[in-house]
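S.K.: As given, the protein sequences belong to chains W and H, one line each in that order. Numbering follows our numbering, in which position 172 of the first sequence is assigned residue number 172; successive positions increment by one, without gaps. Numbering follows our numbering, in which position 119 of the second sequence is assigned residue number 1119; successive positions increment by one, without gaps.
Source of the hints: derived by calculation from the structure; they are not laboratory data. Note that the structure is a prediction, hence the values are computed from the model and not measured. In this text, a Cβ means the ideal position worked out from N, Cα and C, and glycines have one as well. Among these hints, one or two may not hold up.
[Said to hold, decoys possible] These stretches of chain H come out as covered by chain W in the derived footprint (C-beta under 8 Å, 3 or more residues):
(1) 1036–1046
(2) 1064–1078
(3) 1099–1105
(4) 1111–1121
(5) 1132–1146
(6) 1176–1187
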Amino acid sequence: MSDRSSQSILPREILIATIAGLLDGVRHVAVGASSPIPAAGAMLLRALKAEAGEKPVRISILGSVEHNFFTNGSAELFDCAGQGRIDAFFLGGGQIDGHGNVNLVGAGDYPQSTVRWPGSFGSAYLYFTVPRVILFREEHTPRVFVDQVDFISAPGVSDEGVYRHGGPYALLTSKGLFRFNKDKGYFALQSVHPGHDLAEIKDATGFHFEHDAQPQHTQQPDANTLALLRGQVMDELSETYPDFAQQMRADLDGVSAQTALAS
Amino acid sequence: MVSDLQGMARQVEAGMRIALPVDYAGVSMAMTKPLIDHGAGDLHLICVPTGGLQVDQLIGAGLVRTVETSAVSLGEAGGAPRFNQAVKTGAIRLMDATCPAIHAGLMAAQKGSPFLPMRGLIGTDVLKNRRDWRVIDNPFEDAGDPIVLIPAIKPDVAIFHAPMADRFGNVWIGRRRELAAMAYASTTTLVTVERIVDESLLANEMSAAGTLPSLYVSDIAVAPKGAWPYGLWGEYPTDTAEIIRYAKAARSDDGFAEYMGGRVLEPAQ
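With the rest of the complex left out, here is chain H (with noise of 0.2 Å):
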């Protein structure tokens, strides 16, 4: 089971939806390049609520046609350069949402339901510009209470990096839960750890609280530091220097170029 970066790459395909998590959560930067290698294009990106750092640099590289999120930014770096260039330009197709949309049409794809109601959003332009939502009137109350149906979220592919699995597969995700209702809401769950351990997390009820089950896993790569420059829960911290030296790269074409060929993309162990 246990797999590398490139290969877990090469099950992205062209036009895929590919659910990536919030950059706090266990963002898998370690395959942001070998899917930029890989090079399947015309992505729709479905950010766990909200966008960053590889949302960014896969829409520089040009693979990115839809963007799917509530937010896209790199946080104390400021707004995402590649991103908002390509909204000026029109080059991505926007489907703008707020956080608890997203986690309403996940968890209705993990209930293998059509959709899922959620409260406000009513009398936004948010609404308005997704055609895909729907407002019905509340069918338990006799008139009124118009309510906004959001349909099941069902991506191809989810990414996400964890501090560890073991051998078996399970991986342990803490209390990290957006990262199991996007496994459980995916056709193929590819993860990236810290570590392997040998023996069972689903062994011991405390880290077993914590696990993903292999069930929904579908393939594993080790890649120490793998959600660097972003921290990683319990491991390590952001660096958030880099991130302001991307930011500023980033600013034009070539700045984006420069750093995504230079000597990039290695933490400092």
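So that you can see chain W by itself, here it is in the shape it has in the complex (with noise of 0.2 Å):
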């Protein structure tokens, strides 16, 4: 069993405990509405903070009946977010560049894009008000990490002067995971997943980013995290996602059958 748990971690299942860990220390987070991976490691947070007897995590999903405790529309998350009560929340991207400029508008020129994204949704507040903004996108191409992107729905950094309560935190791929440095406004590498390395993160990043001559490896949860996971988290997961957490159990079915065989 311990053997299982150690070779057979799948990629989300260390995306799920690394939201977890940038997580910690917040007392509610809010989670968009399709975000099943940032709604997993809310929900891990939750279970181990729980587990250690610390001060329980809210957590509200956006679109959900059960995980969620609005009763003034949906003006009151930003209404929320104003008022400093919310910590921490996701941001995706169709473009996201080294100043941790985001773009969810579109491709190409404005108002005629080429290709077109669904549009700002609340970023353009939300990263002015909350102040841990996790960035997180699993695909990690030049196309999505853009040296500049062509439309701001919410900018990094703000002039000196403007009201800046909020803003990136970190930004988590499918390859590695980046912190947001304030003053300088730019990305440091932080750490890499496991089976990917520096050169193949730079050429799949189309920004310039610090990092160290050789970078760590991203941290692997530990036997009880996992545990957790598999557990308790991927039952609350599967009320409001459960196709995500029927392909996420057969996926790790898929695992532990190919390492059965191997041993």
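Fit chain to chain and form the complex, with the hints in mind.
M.R.: Right, here's the structure in full:
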């Protein structure tokens, strides 16, 4: 059993555990509607804190009935953020650049974009008001991580004098984890996920970033964390994201079957 | 006060500003086909605060001139095909916003104020492309502190779907307060409901708290499963398979026309 847990950790389990680590210390985290991995990370943190007997973590999943306590319509999330009651939030992005600018609108010219994405949603406000915004995009390619975004839905940094209580905290992709340096206004590579390396990340990233000559590997979840994730968290997750939870369970069965065959 | 869908659709005139709710709040999908059949065009859609299937279908039917929104998408089914196509060809005018700016504009209208200030936005291309928004220095600070002013959004018509109304014209909106915000701000509010109940929703404190009084409601029509294929809170879930079916069909002009003219638009009872 301990063999299985060390040898067969799914890449997505590492992402979920990394998110739980990035959220450490928050009281209230909001998660967007179709964001199963961030939601799982938040649920894992909540389970870990409950187990340790620490202060509870509140999670709001937008669009969910069970995991959403707002009673004042869709404006309440933003009011809540404006009041400083939301500590962390997740943003994706069609493009993200090295200064932490996020583009959710489209590629090419504006308004006649060559590729149009849905739109800025609440990013142009939440990036200013939520202290810990975690940029999460699994696809790590030069078309996503560009030198400069074509449209700024939300800027990574602001001029002095502009009200700014929030912004980018970290950038997590399928290949690695970056931290955002607020003072300098750019990213530094913090760790590389198992199976990936620095050269590959440089090739896949269209912006310059700081890094150590030998960057460390992303920490793998320990046996207890993994057990919580595969048990309680997957059960909770399947209420809101049944398809995703089912897929992850199938992936896990596949990996453990392979491990069993190999041993 | 109880009307029919066609009669309500006829209240929409060409060039009007129409407020429509976000996909999970109670979209009156039942009104989509009657609006298209009625054919009033050059509409200015205000998505509160984002749009989906209904917005995409009205655009596909050629009725839309302007889309004021924080986003348009089909959620799990992906991008909104007719919206994306219209953006590419320049067929619609875009007024890209951010969710709390739409709420701020409606709130200003609700209060009868010309504008509402809001944080964020400074340094974004969202702000840069909105000539109708202004930036001022916070007058309560000695120096600096720029802040954005969002002008009041006053739709001509708000259209949404809710679980029930009573026979006095009060509508139960539960905790979906954005529906009330839309109604407060709009000149006319057209509501479809699953059912009409005999007893006044205001007679009971529990239901009164989630009720939009008839003062703000212009017309009501009964439309069972009227949000379909969207779900309706507390009533039925979203029919994601149907939205995916639409998303695939509407990738082409022909596919869209076929979908809209087909067996469609009838929920399985």
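S.K.: Evaluate each hint against the coordinates.
M.R.: Hint-by-hint comparison with the structure:
no., hint, result
1, 1036–1046, "violated (count 0)"
2, 1064–1078, "holds (count 7)"
3, 1099–1105, "holds (count 4)"
4, 1111–1121, "holds (count 4)"
5, 1132–1146, "holds (count 3)"
6, 1176–1187, "holds (count 6)"
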